Each structure stands twice: as structure tokens, then as C-alpha cells.
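If you read the sequences in order, they're chains A and B. Residue numbers for the first sequence follow the numbering used here, beginning at 1 and rising by one. Residue numbers for the second sequence follow the numbering used here, beginning at 10001 and rising by one.
These aren't lab readings, by the way, just hints derived from the structure by calculation. Check the hints yourself; a few may be wrong.
Quick list of in silico lysine-lysine cross-link-like pairs, DSS-like style, CA-CA up to 30 Å [stated by the list, open to error]:
#1 888/A to 10027/B
#2 483/A to 10064/B
#3 888/A to 701/A
#4 10090/B to 10064/B
#5 279/A to 10027/B
#6 224/A to 152/A
#7 895/A to 10090/B
Small disclaimer: the values here were computed from a predicted structure and weren't measured.
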Amino acid sequence: MSTRLNSGGHLLNRSCVVNFTFNGKKMQGYEGDTLASALLANGQTLVGRSFKYHRPRGIMASGVEEPNALVNLGAQGRFEPNQRVTTTELFPGLEATSQNHWPSLELDVGVLNNYVSRFLPAGFYYKTFMAPRVAWKHVFEPIIRKSAGLGKAPKDRDADRYEHFYAHVDILVVGGGLAGLQAGLTAGAAGAKVLLVEQTANWGGRAPVDGVSVDGDPAETWVKKTLQALDKMPNVTLRTRCMGSGVYDHGYALAYEGIGDHQPEKKMVRHRLWRIRAKQIITATGALERPLSFAGNDIPGVMLASAVRDYVDGYGVSVGDRTVVVTNNDDAYRTVISLKEAGLDVPLVLDVRSEATGPLAEKARELGVRIETGKAISRVIGSKKVTGVETCSQAGEGAVLEAIPCDVVAMSGGWSPVVHLWSHCGGKLDWDETQFHFRPDPNRPPTGADGAGFVRVAGTANGFMATADVLKDAHATGKTAAKITGYVSSRTTPPKSDAEPTQAMAPVWIMPQGAGIRKRAKMWLDFQNDVKVSDVQLAAREGFESVEHTKRYTTLGMATDQGKLSNINGLAVLSDALNTEIPKVGTTTFRPPYTPISIGSIGGEARGDLFQPVQQTPISDWQVENSAYFEPVGHWRRPYCFQQAGESVEDAVNREVLNTRNALGLLDASTLGKIVVKGPDAGKFLDMLYTNMMSNLAVGKCRYGLMCSENGFLSDDGVVARIDENTWLCHTTTGGADRIHGWMEDWLQCEWWDWRVYTANVTEQFAQVAVVGPNARKLLEKLGGMDVSAETLPFMQWADGKIGGFETRVFRISFSGELSYEIAVPAGQGRAFWDLLVDAGAEYGVMPYGTEALHVLRAEKGFIMIGDETDGTVIPQDLGLNWALSKKKSDYLGKRAQVRSFMANPDRWKLVGLETLDGSVIPDGAYVVGEGLNDNAQAITIGRVTSTYFSPTLKRGIAMGLVLHGPDRMGEVIGIPTIDGTGTVIKARIVDQVFYDKTGEKQNV
Amino acid sequence: MLILNCPYCGVDADETELAPGGQAHLKRETVGSQDADFEAYLFARDNPRGVHFERWRHAYGCGKWFLAARDTMTLEVFGTYSAQTLKPPKAIENVIRKKRPDWKGWT
Chain A
1 MSTRLNSGGH
11 LLNRSCVVNF
21 TFNGKKMQGY
31 EGDTLASALL
41 ANGQTLVGRS
51 FKYHRPRGIM
61 ASGVEEPNAL
71 VNLGAQGRFE
81 PNQRVTTTEL
91 FPGLEATSQN
101 HWPSLELDVG
111 VLNNYVSRFL
121 PAGFYYKTFM
131 APRVAWKHVF
141 EPIIRKSAGL
151 GKAPKDRDAD
161 RYEHFYAHVD
171 ILVVGGGLAG
181 LQAGLTAGAA
191 GAKVLLVEQT
201 ANWGGRAPVD
211 GVSVDGDPAE
221 TWVKKTLQAL
231 DKMPNVTLRT
241 RCMGSGVYDH
251 GYALAYEGIG
261 DHQPEKKMVR
271 HRLWRIRAKQ
281 IITATGALER
291 PLSFAGNDIP
301 GVMLASAVRD
311 YVDGYGVSVG
321 DRTVVVTNND
331 DAYRTVISLK
341 EAGLDVPLVL
351 DVRSEATGPL
361 AEKARELGVR
371 IETGKAISRV
381 IGSKKVTGVE
391 TCSQAGEGAV
401 LEAIPCDVVA
411 MSGGWSPVVH
421 LWSHCGGKLD
431 WDETQFHFRP
441 DPNRPPTGAD
451 GAGFVRVAGT
461 ANGFMATADV
471 LKDAHATGKT
481 AAKITGYVSS
491 RTTPPKSDAE
501 PTQAMAPVWI
511 MPQGAGIRKR
521 AKMWLDFQND
531 VKVSDVQLAA
541 REGFESVEHT
551 KRYTTLGMAT
561 DQGKLSNING
571 LAVLSDALNT
581 EIPKVGTTTF
591 RPPYTPISIG
601 SIGGEARGDL
611 FQPVQQTPIS
621 DWQVENSAYF
631 EPVGHWRRPY
641 CFQQAGESVE
651 DAVNREVLNT
661 RNALGLLDAS
671 TLGKIVVKGP
681 DAGKFLDMLY
691 TNMMSNLAVG
701 KCRYGLMCSE
711 NGFLSDDGVV
721 ARIDENTWLC
731 HTTTGGADRI
741 HGWMEDWLQC
751 EWWDWRVYTA
761 NVTEQFAQVA
771 VVGPNARKLL
781 EKLGGMDVSA
791 ETLPFMQWAD
801 GKIGGFETRV
811 FRISFSGELS
821 YEIAVPAGQG
831 RAFWDLLVDA
841 GAEYGVMPYG
851 TEALHVLRAE
861 KGFIMIGDET
871 DGTVIPQDLG
881 LNWALSKKKS
891 DYLGKRAQVR
901 SFMANPDRWK
911 LVGLETLDGS
921 VIPDGAYVVG
931 EGLNDNAQAI
941 TIGRVTSTYF
951 SPTLKRGIAM
961 GLVLHGPDRM
971 GEVIGIPTID
981 GTGTVIKARI
991 VDQVFYDKTG
1001 EKQNV
Chain B
10001 MLILNCPYCG
10011 VDADETELAP
10021 GGQAHLKRET
10031 VGSQDADFEA
10041 YLFARDNPRG
10051 VHFERWRHAY
10061 GCGKWFLAAR
10071 DTMTLEVFGT
10081 YSAQTLKPPK
10091 AIENVIRKKR
10101 PDWKGWT
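Input sequences plus hints: build the corresponding full structure.
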């Protein structure tokens, strides 16, 4: 059983006890503990269940590579699943629960999967797709849905705050171990602006635990001195708990800083995402230890050798009394020495190499440890925890030599440099033939805008394993990076350290060498996703030879740890099965983030009110005060309707429509796009932009126009007014102003740059109010000023003048079919003008109306709406707008496209009105179906409904839709199924789309 | 995230300030064009591994469109230049030839 030792633990502050709970059980740890070390100190070796087979799992590692020990943290708005206990710092009141089991951690029904595991082989999911359709629907899908997912998604809104932080530096150094510190020191001393980030709370990386010395001092002393020197440099910024998350194009990098997680009582920002631009990036990210594959290597108590000594040395935690060490390299002997020095028992070291002669092995021998070379583990004994191992010869098939009781197995399969950040932006790797790992190839770095490499690697991440080499490499890398960014390093030499000679590792990945299928089916590669040696071998036999295919087929390396632990082991097994070399198999792609980062940190401040800016008109405050029910339109917020006491939304819309038809309505039309197009060639330009002629529009007149893309599809519409000889004012849709302005600029800057035209988007410079209804003129005449009579200002004209003392521009245009004046005033006077209209209009029954009434009014008149009748696949001809397509012009944007064969096809769906026989309202988004079924036994669609409303004017449902041969089928009754699952088919008659005032008498008075 | 220099305002702009506009130097086909030519104008675009000419707009800056020559694989930028040109300037071509001797040239 694991327990806390009475001494040791240089990361701990034993004077500060920290209380926490695991599965509701009260436990104690110390300040400086991770949740992992604290759980082990409390004897909690079983912490979770595996994803697929629900096997009992314990803590395997001590850092970011931990695959097993994932827990739920927090509650309600701070609940988060899948948190690694090894990277979670302990804080008072921490609440953790285990996950992926039912009913409890100790007794999990899902473990039955373990016993049927031979029916759940590699590619299990894909194989179920090949079963009869009925089996998928009723057998596999329900099972997979029930068991899918790791942990549970949070239900409550995130209670924490997050932020982004921007930094521009000369050099970003990722990693605060010896290499990172030395590289930062060299570059900082040269004068470069350096940001040095370390993902854990502690500087120094593995050096203090590995017992190395620098300049004759223990590593801790050198680390402390170096930090003091760095602290004094104003050009160097140091950050712990800050993980280098990703490297992107042209020196862009993200770092993820934990601020609030370990000190929730301070109620600070939880995570900060650093958005960094660095001229050079140095990754000093160290290496991760690899596991070994032997039968039962996932049983709680089997751990990485480095993790075992981390817990002993760093946290004063014994993970067990008796530890069997199994290794293919020298480094595991450091663990042997640590354990012995802590007074713990190491009954046996199994070294698969034929001899163990390195200095560390010799030292272990001197400590009286029994070392068996050429030997391996045949299998681990135990189920919920290790109780012993059976040994065998590595060379054989696993015949048992002896059984050794123990409660921990410490394994070491060698070290893999962390090359993730190097690889994110295209850095390539080399296979190291002597150390059996991939290391960065300095000749193929990620390249920046100048074509030169902008990422450099230092220390162990670069494949250097001995401290002296690490420091030398880091110093040289820091110097080079400083030089590239314009700083000359003074001629200091790197600190000295021992050469640390080692015996070469043996490329052993599975043990014993001749293990049979029963053993291979118990050898785990990916612990989190439950991928075994046998699965990878099966994938290879079934033809998945590419490493990327094998990854997806077996899910190897696809869990939240992204294969940090055993990707190399998986590659080795695959290369063996394919009888090829590891470098020929290659690696899968490394993608950011290095470890999972919170979604909240990605969003940063952009949530709630700050999610995006809201555009408001000058009349917005009045709308809020008058109980407007708002809807978003583009970035604008517009009133959908204005509810009066006791009214439903529908009631309000109906009242607003009828009041506008019968008396007087006011609409805030300020959101409509307004673009001034001016210059000697402006008319020529607008003739290209619009489908109809704008150059011949007389000064003082207005014309409705359509714009199409080069594909011929309708893109925007609106009324154009000719202001003077050289000036036009183009109205666009509410959402289209910026887009259309950009579109105009694109053509003017990139195609017709010799045309003398200037554009300005003046949308927000004006407030615009539509005064609509039979009483509109009476109101304006009462206010006095300009002549707004039908004779002086007829339909489709505009004029400047005063109304009620305001300088205005009045357009006689109508989107409702009523007598209508759209009146623009400078934005700053919009609210005052609106107030005047409301007050003075009282005697004429004035009421504001919202966007929904606007929609109903226009639909009753059969006017199209961009985004309803159009969806990016509709051409003007589909909507019966041929009258707006100039035949006189030789060209306009979209003209050529509209004669392509598909556009000219007579079978395109065309716009018609739809009138339900029973007067009901057709549901939004409904389709029109024809007779019979298609080859897939589905209904044949012959059209779709584009706009559908209840018309209070006509007291019935009205709709528009695009229907096959629609205009030729006037009077025909068609079927429109509802989408509520009842199978109801609504009968509707095809009619003309203009439902109200077909002759236009009401607007033209 | 790329950094491109806007040749109009001189700013080294982060990609977040820019809006991409696809392949540069397209010849507009229109009324009178053959179907195949018009189709190619609408839909056919180069997708090279290597030297490419692109349109960008400094959308959250000066608002101007400009053109960029860069390597799509290495992300090296050979230069940015005015959008008011029918083909890459000689100086840009020279930079590319120097750095990519096997480049087939602009067509």
C-alpha cells in the first residue's frame, strides 16, 4: 500500500496541511502536493476505470503524460471532467470524484466488457457498420451510445473568468528545466526580450529528482542561483504554471497559464491564454519516459520508474513497500537508488539487456540490490492492485522462472524527447539509431516569413541525455537565438557538469520476445483508450499499414493524452508487425494543444455581453424603454415587436400590421445600409454592380436594384437614389452594408482600378425612420416644412428639406405597400426626431412596428427578402424578377453566369404564392412534395417554402415558395407535409405571390 | 497565423487583421466567354505546394486590397505588392527565382 514517508519531499511544505475529499472521503495532504501525490499518500491506488473495458486503473505517471488517473473536479459551475490528478495542484477544499464506472469505483458493472474483450477487437466500431442495417440500429448503436464518452459533460454555465494576454518578444523559451533556464539565461544576458514559461509550479524540471550536479553544486542550488540572475533582468519574464500549448505560423505561439485553479479562494481569473509573437522560439521541453509492454502492465501499481522516484523524492510518498524494477536502460537505476536511500525494498531488478555495467547499475549493486539481466516480466499478478510478478527470460515465450511478491512494478522503456512544439508548425524528425527515439532534425525546422527556421530545440528535447551535453546545447541555442534577434552574447561558457556515462539501451518494446496471443492481449499500449499490442497487430494483419490508418482503426493515441506515453511503443509494435523499420513507419501528426486546455480560455473575455459588439441605432434607448422584444439582425439588435400589456408576441405583431395598414406606423430603418458612390465613373460602376440600369436614373429619383455575385446568384437588393450628377446613394439590406461595401471596394481596387469612383459607407451617420400608413402625409404636413404632396414628391422620388425643424432627406419608397416616407436625419438627431414623430402622431394613431410586422407587410405584398427567398443558390429569374435585369447593358456582374445551362434550365424551382385551403399557417422550412417516391423510398421534393406568415390583413396563412414549374401551375393544389412527425400534409393552392393590393393603389397616392 | 506587410499603410499585419481573397491575377471572363473558360474563371483555382500568388485585404486596417507571393509549404513570404497590376512585379519574380531556382515562372 502507498503511504507518506516521514521524511523527504523537497516540493512539500509539511507545515501546511491541506484537506480535500475523494469520492466524498475526507483526506489530507500538504501544500506542494499534486492531487496524485496526495491520493497516494492516503493509500488511494485505485483512482479510475478504463474507457473501453472498465478495468481498474491507478496512477501511472507523475506529469502531463498520465493516461489513467482522470477525475471529476469541482461541482456545479466549476464541475470539470477528465482532469489529470498528476497536474492538479492540491488546494484546501478540493473535491474530486472518480469517473467512468457504475455503481462505484470498487464495483463496476462495466468491467463485464473486460470478459468479452475478444468480441471488442480493433476496429470494433467500424465492423459494426458492416453488419445488417437492422443490427446497427437496434443492437450496436444503443450499446455504443450508452458507453461512449469519457467522463460527463458539465451541465451548468462556467462560473469562472478567463482572459487573453498578448505578448511580443524576441525569444520565447518553453520549459523551465536546466535547458530552458540556461537558454533563457544566455539569451537574457545578451539583452534579448525573453519570455520563459514552465508548465508546472516548480523550476528545474527533472534535475533535482535525478540527483545531478551543476558546477559542483546540487541541481537545486544552481536552479535557485539562475532564477535569481534571471529575476534581475528587466528584459526577462518568468512564468510558472504556464504551458507552451502550440506553435503556429510565423512565430505565433499560445501559452496556457493556470492562475485561479490552485488558489480558488482568491477568486482570480482562472486561466490566461497568452497569444505570443516571438521572433525565435526555443523548446526546452525535456523528454517523457516510455512504458514497457508486458502482460498486466495496466494493473494499479505498475508505474513509470521516473514517476516512482518523483513521488519518493519530490513528495515524500512511498507508492509501495516492495518495488520490482523492470528496464531496458540505465535510467531506471536512479529509481532503484532513490528507493533504497528512502529505506524501501527493491527485491529485484529485471534488466532485459545481457549485462548491466553502467555506473548507476553498479551503484545499485553496491546497495545490495539483486539484478537479473536478460530477464523480463512474464506477467503481473493481481487485479485491483499488484501483488507480485512472475519472471521469465526475455528471449523465450514466458516460461515462469520465479514469482516475486511486490506491490509496485516500476518500468522504464527509455525516454522520448518531447518534440510536439517543434512539430506543430512543420518541423521534421530524425530517428536516433542509438537512443531509439525521434529527435528534431535541425536541417528541417519550421520556417518563418523569411524562409529561415524560427524554432530551435535545446537540451533533452533535442536528444541530449547527459546533463553536461544538455547545458552545452542550451547555452549554444540561447546564443544563436539571441544573435538572430540582434543581440550578441558575452563569451560565457556553459556551466560544467558530470559526463554521466551510460550503457546503451536495448530496443525492447514487448516482453518476453516470444509472447503468445494470450499475453499480447493483456499488454497495454494506449492505457486510456484500452489499445493493446494484439489490437495493433490485428490492424496490421487487416491491412491498415499506414500509421495514420492504424491510429484511427485502433484509436491508439487518440485519447486525451494524445499518445504521449506509448506512441513510440505502438509504432515499434506496428513496424515489427509490418516487418519494417520504425522510421519507415513514421509518426502520426503532432497537433496543438500540447495538453488539453479549457474551452473557457480559448473564448477568453468573449462571452456574455462581451461576446461580440452589438450595433445599436440612435433610437435604441427609446425601444428599450418601450418594451421592445429584440432580435439580432447581423450585428444589429432590432425590435421584433413592441408588446403592450397583456399581449402575446403574435398579438403585438398583428396589431402593428393592422395599425400600419389602417392608420400610421413608425419603423426604425436606421440599420439599412447606406453607401455613397461618387465620381465621374460612378454611373458606369453601378451599371456593372446592379442587374438593372442605374446610370440613367434621373437626379431626384429612386430605383429598386438587385446585385448578383459572379455566379449569378442574388446577393443583395435595395433602393438606389441619384443625389447629383456624380453621386448615388445605395441602400443595402441591414446585414449587407459592410459586405457590399467590401464588394464594391474589391472591384474598384482589384479589377477596375482606373475607374474614378469613391465609396463611403455612411450607414451609421444617419438615423432613418419609415413613416408608413394612410395617415403618413397628414403627420408630416402637420409638422410643417417641406412640401410632401403627391405632386411635389411622388412615389420613388426623394427630396431634401425641413420637417418639424429638422434637416431631413425624404425618400418616397415603400416596403409595405402603404403610403410611406423614409426620412433620414443626422444620427445625432435621430432620437429627437423620433420623439417628435411619436408625440405629433398621437392624433393619427401612430404606433411603432418591429421587424416581424415589416416581414408580414412585405409578404402580403409579395416583396422578396434577401435571406428568405434567397439562399445563395437563387437567381433573379427564379423569383420572377426578370424585369429588373437590364437587356440594354452589355455586361453586369452575374450576367454571363445566368446563361449557363443549369441557370437557364426550365426545371428550376420558381417563386409563387401559396394559399392554404384551410387558412392555416404553413410551418417554417417546410418542403413541397410531389407524387411517388424516389429510389431511396423517400418523398420527392418539388419545392420549398421560403416565407410563411399569418396575415392579419387577410386573416389567413399566406406563404411564398419556390416550386417546380410553379408559375405554370397557378390554381393547382399541392401537398406540404408538416415536420412535427404527425404525418400531416397541408394542402395549399398555388397563387400569385401578391396577396394584397395587386395594383399598388395604396402606396402610390 | 501569418504576418503580411500591407504595401499601402506599411503595417506588418497579423492574419486576424486580414481577409483572404483567394488566388491573385485571375482574368475576368464574362459575356461572350466560352462555357469552359467561364467555368474555369468561376471555379478552377491553382492549389500548388510551393509558390503561390494570393489576394488579401487589410480589412481591419487601411481597408486596401493587396497581393502576396508566398510559399504554401514553408510559409515563406517573397513579398507583397499593389493589387493594381496584371502580373507580379519583376522585383518579386526575381526574389522568387533566387530562392526557388526550380520555380517554373509566373504564367
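Results of checking the hints against the structure:
Restraint check for residue 888/A and residue 10027/B: the C-alpha separation of about 24 Å stays at or below 30 Å, so the hint holds. Our distance criterion of 30 Å between C-alpha atoms is broken by residue 483/A and residue 10064/B, whose separation comes to about 36 Å. Of the pairs offered as hints, the one joining residue 888/A and residue 701/A holds, with about 20 Å between alpha carbons and a cut-off of 30 Å not exceeded. The suggested pairing of residue 10090/B with residue 10064/B holds, with an alpha-carbon distance near 22 Å, which does not exceed 30 Å.
This hinted pair does not check out: residue 279/A and residue 10027/B have alpha carbons roughly 38 Å apart, beyond 30 Å. Using a Cα cut-off of 30 Å, the hinted pair residue 224/A and residue 152/A is violated, with the two alpha carbons roughly 42 Å apart. For the suggested pair residue 895/A and residue 10090/B, the alpha carbons sit about 35 Å apart, so the restraint of at most 30 Å is broken.
Hint violations for this structure: numbers 2, 5, 6 and 7, all remaining hints satisfied.
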